[in-house]
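Peer 1: Sequences listed follow chains A and B, in order.
Position 34 (the first sequence) corresponds to 34 in the working numbering; numbering is contiguous.
Position 97 (the second sequence) corresponds to 97 in the working numbering; numbering is contiguous.
Heads up, some of the hints might be wrong.
Incomplete in silico selection of chain A near chain B, CB under 7 angstroms [unchecked claim]:
| # | residue |
| --- | --- |
| 1 | P39 |
| 2 | G40 |
| 3 | P43 |
| 4 | F45 |
| 5 | Q48 |
| 6 | F100 |
| 7 | T102 |
| 8 | R105 |
In case anyone wonders, no lab produced these hints; they're calculated from the structure.
Note that this is a predicted model, so its numbers are computed, not measured.
Beta carbons are placed, not taken as given, at the ideal position from N, Cα and C, and that holds for glycine.
What follows is the residue order along each chain.
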Amino acid sequence: GQQVMQIPQYQHVQEGEDFTTYCNSSTTLSNIQWYKQRPGGHPVFLIQLVKSGEVKKQKRLTFQFGEAKKNSSLHITATQTTDVGTYFCAGSFGNEKLTFGTGTRLTIIP
Amino acid sequence: DGGITQSPKYLFRKEGQNVTLSCEQNLNHDAMYWYRQDPGQGLRLIYYSQIVNDFQKGDIAEGYSVSREKKESFPLTVTSAQKNPTAFYLCASTPDGLSYGYTFGSGTRLTVV
């Protein structure tokens with residue numbers, strides 16, 4: 001079936017370091033969304049990317065959608081303790097449902 | 001404030017029993033979804049509904065059933081046929097299919113004892 005692969009599964013960084021998580025699909029995506037889930041919480045929508053090569057920024061977060069619309073990345077600059085959580089990508093393959101990646105769990109070392 | 005309410009937050013079930021998880025939204029969203037979350041496996045789609053009185057199976061529908069009699073409500077029944085029901089269940093909604101991000105409820109953690 002259609003899958004969205006996400007790496008790494010875990011990432012431990014010192015506070016102030018950068019962090020990046022990557023999503024890949026073997027099939028072209030219609031769009032991709034990113035979510036953040038705090039420990040013990042529920043996923044919260046961050047952003048949606050639709051266009052080939054699109055780049056969007058939210059303060060220290062930068063989201064990219066690949067030219068072929070098969071990959072995406074989330075980059076956080078100068079991590080803070082509030083960034084702790086699991087980051088999920090979720091892609092659509094042209095139907096009405098999202099396929100979620102397995103998530104990247106970010107922990108911050110103060 | 002508008003949102004999605006899932007109840008109960010924690011649920012314990014004996015093997016062989018059916019149990020129904022509640023999901024109510026007051027966002028006037030057309031589409032609603034049920035996901036199951038297991039450690040290290042992300043979110044997997046159980047059922048979804050684009051409109052009242054209509055729903056479709058997701059990737060892991062076996063052992064589950066749903067109904068969509070009202071726009072606001074999308075209850076999920078975990079039947080005794082579900083072999084491994086212990087998991088975190090999340091309900092979500094969106095105004096339509098995929099033009100917007102999902103709004104998630106706070107989840108129900110089901111444990112089979």
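Peer 1: Take the hints in turn and mark each one as holding or not.
Peer 2: Here's how the hints hold up against the structure:
Hint on P39/A is violated. Least Cβ distance to chain B is approximately 12 angstroms, over the 7 angstroms limit. Of the supplied interface hints, the one on G40/A is violated, with its beta-carbon coming no nearer than about 9 angstroms to a beta-carbon of chain B, more than 7 angstroms. Given the 7 angstroms rule on beta carbons, the hint for P43/A holds: about 5 angstroms separates it from the nearest Cβ of chain B. Interface restraint check: F45/A against chain B, minimum CB-CB distance 3 angstroms, threshold 7 angstroms, status holds.
Restraint check, Q48/A versus chain B: the minimum CB separation of about 6 angstroms is within 7 angstroms; hint holds. Hint status for F100/A relative to chain B: holds, with the closest Cβ pair at about 4 angstroms, below 7 angstroms. Checking T102/A against chain B by beta carbon gives a least distance of about 4 angstroms; that is within 7 angstroms, so the hint holds. At its closest, the beta carbon of R105/A sits 9 angstroms from a beta carbon of chain B; the interface hint therefore is violated under the 7 angstroms criterion.
Hint compliance for this structure: hints 1, 2 and 8 are not met, and every other hint is.
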